[in-house]
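Note that the protein sequences, when read in sequence, are chains A and B.
Start counting the first sequence at 1; every next residue gets the next number (the working numbering).
Start counting the second sequence at 1; every next residue gets the next number (the working numbering).
Note that these hints are calculated values from the structure, not bench results.
Note that the structure is predicted; figures quoted are calculated from it, not measured.
Glycine included, C-beta positions come from ideal geometry on N, C-alpha and C.
Some clues are possibly wrong.
Unchecked claim - Here are the simulated lysine to any residue pairs, SDA-like style, with alpha carbons at most 20 Å apart:
id: 1; chain 1: A; residue 1: K74; chain 2: B; residue 2: G308
id: 2; chain 1: A; residue 1: K67; chain 2: B; residue 2: E259
id: 3; chain 1: A; residue 1: K67; chain 2: B; residue 2: T303
id: 4; chain 1: A; residue 1: K19; chain 2: B; residue 2: P339
id: 5; chain 1: A; residue 1: K19; chain 2: B; residue 2: Q251
id: 6; chain 1: A; residue 1: K19; chain 2: B; residue 2: Q382
id: 7; chain 1: A; residue 1: K19; chain 2: B; residue 2: E342
id: 8; chain 1: A; residue 1: K32; chain 2: B; residue 2: F343
id: 9; chain 1: A; residue 1: K67; chain 2: B; residue 2: L35
id: 10; chain 1: A; residue 1: K19; chain 2: B; residue 2: P254
id: 11; chain 1: A; residue 1: K67; chain 2: B; residue 2: E342
id: 12; chain 1: A; residue 1: K67; chain 2: B; residue 2: E256
id: 13; chain 1: A; residue 1: K32; chain 2: B; residue 2: Q251
Said to hold, decoys possible - Here are some, though not all, of the chain A residues that point toward chain B, as calculated from beta-carbon distances under 10 Å:
id: 14; residue: Q8
id: 15; residue: D9
id: 16; residue: V13
id: 17; residue: M50
id: 18; residue: E52
id: 19; residue: S56
id: 20; residue: K67
id: 21; residue: T81
id: 22; residue: L90
id: 23; residue: I96
Stated by the list, open to error - Quick list of the computed label-pair ranges, beta carbon to beta carbon:
id: 24; chain 1: B; residue 1: Q354; chain 2: A; residue 2: E71; range: 42 to 52 Å
id: 25; chain 1: A; residue 1: G27; chain 2: B; residue 2: R133; range: 22 to 32 Å
id: 26; chain 1: B; residue 1: Q251; chain 2: A; residue 2: E35; range: 26 to 36 Å
id: 27; chain 1: A; residue 1: K42; chain 2: B; residue 2: G341; range: 28 to 38 Å
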Amino acid sequence: MQIEIEKQDGVAVVRALEKRIDASLSGEFKAKLLEAIREGNKRIVLDISMVEFIDSSGLGAIISGLKAVGEDGKLVVSGSTENVRSMFRLTRMDRIFSIYDTEQEAVHALTADNG
Amino acid sequence: MDKILIVDDSATIRKLLLFHLKNEPYVLLESCDGLQALDACLREHPDLVISDIQMPQLDGYGLCRRLQQDPRTQDIPIIFLSARAEAADKIKGLELGAVDYIIKPFDRGEILVRIRNQLKIRHLTRSLMDANRQLREKQRRIAADLEAAAQIQKSLLPAAVPRFSHVGVAWRFFPCEQVGGDVINIFQLDEEHLSAFVLDVSGHGVPSAMVTVSVCQALLSKSDSILKRPISHAPFYELAAPAQVLTRLDQEFPFERFEKYFTMVYLVLNIRSGRVRYCNAAHPRPVLLREDGRLEMLESGGTVIGMGTGVPFEDSEVCLQSGDRIFLYTDGIVEYADPSGEFFGEERFCHRLQETRTISLDAVCESVIQSMTAHSGEFTPQDDITLLALEFQG
Chain A
1 MQIEIEKQDG
11 VAVVRALEKR
21 IDASLSGEFK
31 AKLLEAIREG
41 NKRIVLDISM
51 VEFIDSSGLG
61 AIISGLKAVG
71 EDGKLVVSGS
81 TENVRSMFRL
91 TRMDRIFSIY
101 DTEQEAVHAL
111 TADNG
Chain B
1 MDKILIVDDS
11 ATIRKLLLFH
21 LKNEPYVLLE
31 SCDGLQALDA
41 CLREHPDLVI
51 SDIQMPQLDG
61 YGLCRRLQQD
71 PRTQDIPIIF
81 LSARAEAADK
91 IKGLELGAVD
101 YIIKPFDRGE
111 ILVRIRNQLK
121 IRHLTRSLMD
131 ANRQLREKQR
141 RIAADLEAAA
151 QIQKSLLPAA
161 VPRFSHVGVA
171 WRFFPCEQVG
181 GDVINIFQLD
191 EEHLSAFVLD
201 VSGHGVPSAM
211 VTVSVCQALL
221 SKSDSILKRP
231 ISHAPFYELA
241 APAQVLTRLD
251 QEFPFERFEK
261 YFTMVYLVLN
271 IRSGRVRYCN
281 AAHPRPVLLR
291 EDGRLEMLES
301 GGTVIGMGTG
311 VPFEDSEVCL
321 QSGDRIFLYT
331 DGIVEYADPS
341 GEFFGEERFC
351 HRLQETRTIS
361 LDAVCESVIQ
371 SMTAHSGEFT
381 PQDDITLLAL
391 EFQG
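Looking at chain A on its own, in the form it has when it is part of the complex:
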């Protein structure tokens, strides 16, 4: 599972560089995400604009991230493709995650939140 982490104004942008996040990758994805959080990144934009499919174990990894940033942290999602967006909608996860169209909007929202 390839990811890329970039810091922007105190926000960690985590980009998932895979087309599918399923059972074969979700374990590694979760480990990398949690490692980034343990290293002190509590405000995270998870960019999934490259991802076309997420299964239940992939969504589980994202939820682990959300639970790990805790009450004072924030984890938001950006750039979901139509398929993934409908998955968030069907599971009503769109009520739990803030979902932004673009990475910039998400970063902006998190930095504004802080200021």
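Chain B: place on chain A using the hints.
Chain B only, in chain A's frame:
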């Protein structure tokens, strides 16, 4: 210490070899012909045999053959030691299974190196075989455990097709591994009510399966049932509303407990009136197929179970007429992909249900599986596949 058996009919050669090897860390044994050597091999099980070829009783080739044929000795390596320098003899010896061939007269240094090499190979082979045996044993135990787990999980499903008055039932369940994260069940709550649920724990395999067992235990426990609560006046119990059931599960199975969430539909059907109360926790939408072919999707409820967000689950109600059918299923059906990755999809699924609305429920289940097979070209579950069909016949 490694044991080496020296086999030669010439006492001089045996002495010479013993002399060369006496300061090496080996236990040395001697035999003066093939038959004696065979006995010694069975008795002492040496780590290496160094044998002459031409000997009375049983020659070196014969010894090699007999050692190879007996499972008790076939792993003992043998090095031939012979005056014959002919290539044909060497080839014959090696073909019989000898590991090396040393020509007399020999040099001490050469013989020591060749012995060391063969013993090293022997040790490596042994530890490899040991590791292999342990691995096979572990594999066997894991397979047995998985089989036992699969049996436990099967016990959570309806034992046979349950028979209820006024309601027909059929179901299919195919876990994609030996055990899976899906469960369905349908059972009678009291003389007026049936309940049915389908749930799908995130992930696959043993961890998800263990969570399904835990959830089923919480749901089906007779003493402290989430589904049926004791009250102080007649009839001394009260059926929990579906939303209450899902709320309780959301409290008891927070995501952090197993790092898992699950989607679920719970419904209660009144078998006299046809009234159905249900709550859908982000599960693929059950299909209500009216007797005349119209479709309604049972989608209201809440998000997945385990988030503990405090966003309430909501109950909804539909009323069944005679001949109406409800299908509960898991995403293994709608996300069943063809080789290009295209899903079977809700639309094809619903269409199939409409086309088959006049045939028996069991035949409908079969036809859905056939239709999925036709979509992808084969039927190999990529995820657990679960389908429960019920028809109101009130």
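Hint-by-hint comparison with the structure:
{"no.": "1", "hint": "K74(A) with G308(B)", "result": "17 Å, holds"}
{"no.": "2", "hint": "K67(A) with E259(B)", "result": "10 Å, holds"}
{"no.": "3", "hint": "K67(A) with T303(B)", "result": "16 Å, holds"}
{"no.": "4", "hint": "K19(A) with P339(B)", "result": "16 Å, holds"}
{"no.": "5", "hint": "K19(A) with Q251(B)", "result": "34 Å, violated"}
{"no.": "6", "hint": "K19(A) with Q382(B)", "result": "18 Å, holds"}
{"no.": "7", "hint": "K19(A) with E342(B)", "result": "14 Å, holds"}
{"no.": "8", "hint": "K32(A) with F343(B)", "result": "29 Å, violated"}
{"no.": "9", "hint": "K67(A) with L35(B)", "result": "75 Å, violated"}
{"no.": "10", "hint": "K19(A) with P254(B)", "result": "29 Å, violated"}
{"no.": "11", "hint": "K67(A) with E342(B)", "result": "32 Å, violated"}
{"no.": "12", "hint": "K67(A) with E256(B)", "result": "8 Å, holds"}
{"no.": "13", "hint": "K32(A) with Q251(B)", "result": "28 Å, violated"}
{"no.": "14", "hint": "Q8", "result": "28 Å, violated"}
{"no.": "15", "hint": "D9", "result": "28 Å, violated"}
{"no.": "16", "hint": "V13", "result": "24 Å, violated"}
{"no.": "17", "hint": "M50", "result": "16 Å, violated"}
{"no.": "18", "hint": "E52", "result": "9 Å, holds"}
{"no.": "19", "hint": "S56", "result": "4 Å, holds"}
{"no.": "20", "hint": "K67", "result": "6 Å, holds"}
{"no.": "21", "hint": "T81", "result": "14 Å, violated"}
{"no.": "22", "hint": "L90", "result": "7 Å, holds"}
{"no.": "23", "hint": "I96", "result": "6 Å, holds"}
{"no.": "24", "hint": "Q354(B) with E71(A): 42 to 52 Å", "result": "48 Å, holds"}
{"no.": "25", "hint": "G27(A) with R133(B): 22 to 32 Å", "result": "30 Å, holds"}
{"no.": "26", "hint": "Q251(B) with E35(A): 26 to 36 Å", "result": "30 Å, holds"}
{"no.": "27", "hint": "K42(A) with G341(B): 28 to 38 Å", "result": "36 Å, holds"}
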